[in-house]
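K.L.:
Keeping the supplied structure of chain A fixed, place chain B upon it in accordance with the hints.
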Amino acid sequence: MRWACLILLMILLTPSTGWGQEKGASPGGAGAPPAAPSPQDLQAGKRIYQKWCMNCHGAQGDGAGPAADFLRPRPRDFRQGLFKIRTTQSGQLPSDQDLFNVITKGMPGTGMPGWEKVLTEAERWQLVSYLKTFSRRFARASAPPEPIRIGTQLPLSADSAAEGKRLFREIECFKCHGDEGRGDGPSAPELTDDWGAPIRPANLRKPWTFRGGHTPEALYLRLQSGIAGSPMPSFADSLDNEKTWHLVNYVMSLWQDSSGNNPPLQVVLKARRVEGEIPAQPGEAFWQDQEPFYYPLVGQVIREPRLFVPSVDGVQVQAVYNDRELALRLVWDDPTNSKADAEQGTFEDAAAIEFPVQVPPGAKRPFFLMGDAELAVQLLRWGSSSGMTELNGNGLDKLQPQSESSQESTAVGEFQNGQYQVVMKRPLRTVNTAQDIQFETGRFIPVAFFAWDGSNGETGGKMALTSWFYFFIEPALPKVTYVYPALAVVIAGGLQWWVVRRLRQTKMD
Amino acid sequence: MNTRRGIPLLVKFVAVLVGVYVGVRLVRPPLPSSLVMMYMTLTVCGVLVYVSIYAETWQEFSAPLVELFRGSPERGGLWQGGRQVVLGLIPLLLGFGVYQKVTPSFTPPAEQRVVHPAPPFEVMGLTNPLQQRPDRLQEHLELGARVYFQNCVYCHGDRFDGEGHFAHGFNPPPANFVDAGTIAQLQESYVFWRVSTGGPGLPAESTPWNSAMPKWDTMLNEEERWAVVLYLYHQTGWKPRTWE
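Protein sequence lines, in the order shown, are assigned to chains A and B.
For what it's worth, my numbering labels the leading residue of the first sequence as 2, then goes sequentially.
For what it's worth, my numbering labels the leading residue of the second sequence as 32, then goes sequentially.
Because the hints were derived from the structure by calculation, they are not lab data.
One or more hints might be untrue.
[Said to hold, decoys possible] Listed below are the simulated EDC-like cross-link pairs for lysine to aspartate or glutamate, each with C-alpha atoms no more than 20 Å apart in a straight line:
(1) Lys246/B - Glu305/A
(2) Lys52/A - Glu194/B
(3) Lys106/A - Glu142/B
(4) Lys118/A - Asp210/B
(5) Lys365/A - Asp248/B
Bound conformation, chain A alone (with noise of 0.2 Å):
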């Protein structure tokens, strides 16, 4: 058997060109700073700073290149020497690793995109080196920073998270991030970092938009040395370690994936079959059983208005159907319910659907924002005051709600704890068929959805949206799906039962 023992070896052993290609990817920089870097590593430092980070960063590194106004948060001013991702104690000033960190991987939720990719690790720590130069704080530090020692890990358990909740509201969390975590608390509108611009406190239920990233110690970090610039002060004078451990594990236990990774995007919305009455209130566990889908919204940038710093970051829908009407439940969150109010330049909240009038035979299709001249679009549009609507688009500026006698849908929504849940019901066919979608089961309809913060004065073409996916409404299974299985075990068992009758006679024999 040494040739069969040989041959499996070879073949487990093929695959390993496959594995190799991880290689590349240094885990966030081995290599230690130049202790004093050279007037050539400034240089350097400096040409690499004017070729890629200059236009957020501005020249002098005061955080107001060209692109700075259309950001946010903005990009750093480095003038003061307050970097928010720190691993060293409250006041002090980052290590060169802490940098180096940030600069490689990014910082998830902003503009700033990780290096790894550009710049090489020796054109990084020389990128250190000319960041250090725009504040004097560096200069000046006689000894360097402290760093913070992680104590012994509190495995997540459910009593962890429960110590943790309590030490939430006892260090008052929520009054920025809000009862459920969402960001929502009622000091939130209010806040501004050290320059005096607005800042958000973080949805501590989207760990994938973390600044710092979303590990346990990452958290820990952010908790003892606070974040530099914000509002996020340091409790390392209020939280020992194990503390600290119970209010991360109360963090990571609002996830609704363990992992922290983003909701993985679906290109196909699935409408499930149901048999009777669809409920009607977002809240109805009927909804928890049903499957969600996830949508990332983007700033709309393509015409005018445009809006470059969108609230709402993305969108969960769940579809089902019965004999009559569609259903869909739409979860997004928003850190206020806002009301309309002229003077202070706000709107009311909303969410919308976009499907085209006309289901498409071929590829072709209404243009995804709103329509186009040739092909209109449906809306089914939700506000947090003015309920249901239903409209028709021709383009941005040509959208018409329809006639009061053709509003066949409704909805129900409801604000809570920073999230919004709207159930919209439409019947699956209507009278208007010249300007309703027809809902039909097996087909590929294109949507697309759309989100309005109206606190941040989002309104009409102001807009976080997304593109074109696909809706699919599942039809009922044929017959067949359950006869031929049946079938099979029928036949499958009693050709067994054949052979196992045959053996015990032959033995008998």
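P.N.:
Just chain B, lined up with the frame of chain A:
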């Protein structure tokens, strides 16, 4: 062949099959399933030939199978229970296989898309007027940078690789200018045309209804558009294609 005892032949048989299957599945890039099927058929045939070549090996190989189907009264309760489970599972697994086969699977229609459609006649061969003024290069590059970082960066990104912070919201994804397949193989006039008319200016074969590229001639003047084209080539290090 019965010189060596130890692992039963049937177990080896299964081990070889599993080993080959896992090995074939681990090959990257993944092999097409028809090829996997062919390899597995070959393996099964080969191993069957091996076990059936002598009467003794065939006996050794088939005995446990025969025993399983026939039943063996002298075996213990655990074995008897296990036998019942296995015999029950075989038809059910087959049924499940059939169920998987007959359940209709729905895949969205494939989207064909021409990435670089032919430009209209009037934009062919235009030259970048800013190239005529090398003395003002720095000024033009600064203008191009400002235009890029106030308009394009959200999708095309700080690294010019099409991975801006809004890029994940759009399909088709924003163009990657670093890639050798975009501006590197295009003329400046072509890039200027794409910037100027955007998604809505695409012909039908390039699915204009899906493109999030704005029609920039409504938001940027001609100099700004030429400046951003100049800046793109400068930053990425590519040279625009020319007709020699």
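K.L.:
Against this structure, judge whether each hint is valid.
P.N.:
Okay, the hints, checked on the actual structure:
no.: 1; hint: Lys246/B - Glu305/A; verdict: holds, 11 Å
no.: 2; hint: Lys52/A - Glu194/B; verdict: holds, 18 Å
no.: 3; hint: Lys106/A - Glu142/B; verdict: violated, 33 Å
no.: 4; hint: Lys118/A - Asp210/B; verdict: holds, 13 Å
no.: 5; hint: Lys365/A - Asp248/B; verdict: violated, 25 Å
In terms of the numbered hints stated before, the structure departs from hints 3, 5, listed from lowest to highest.
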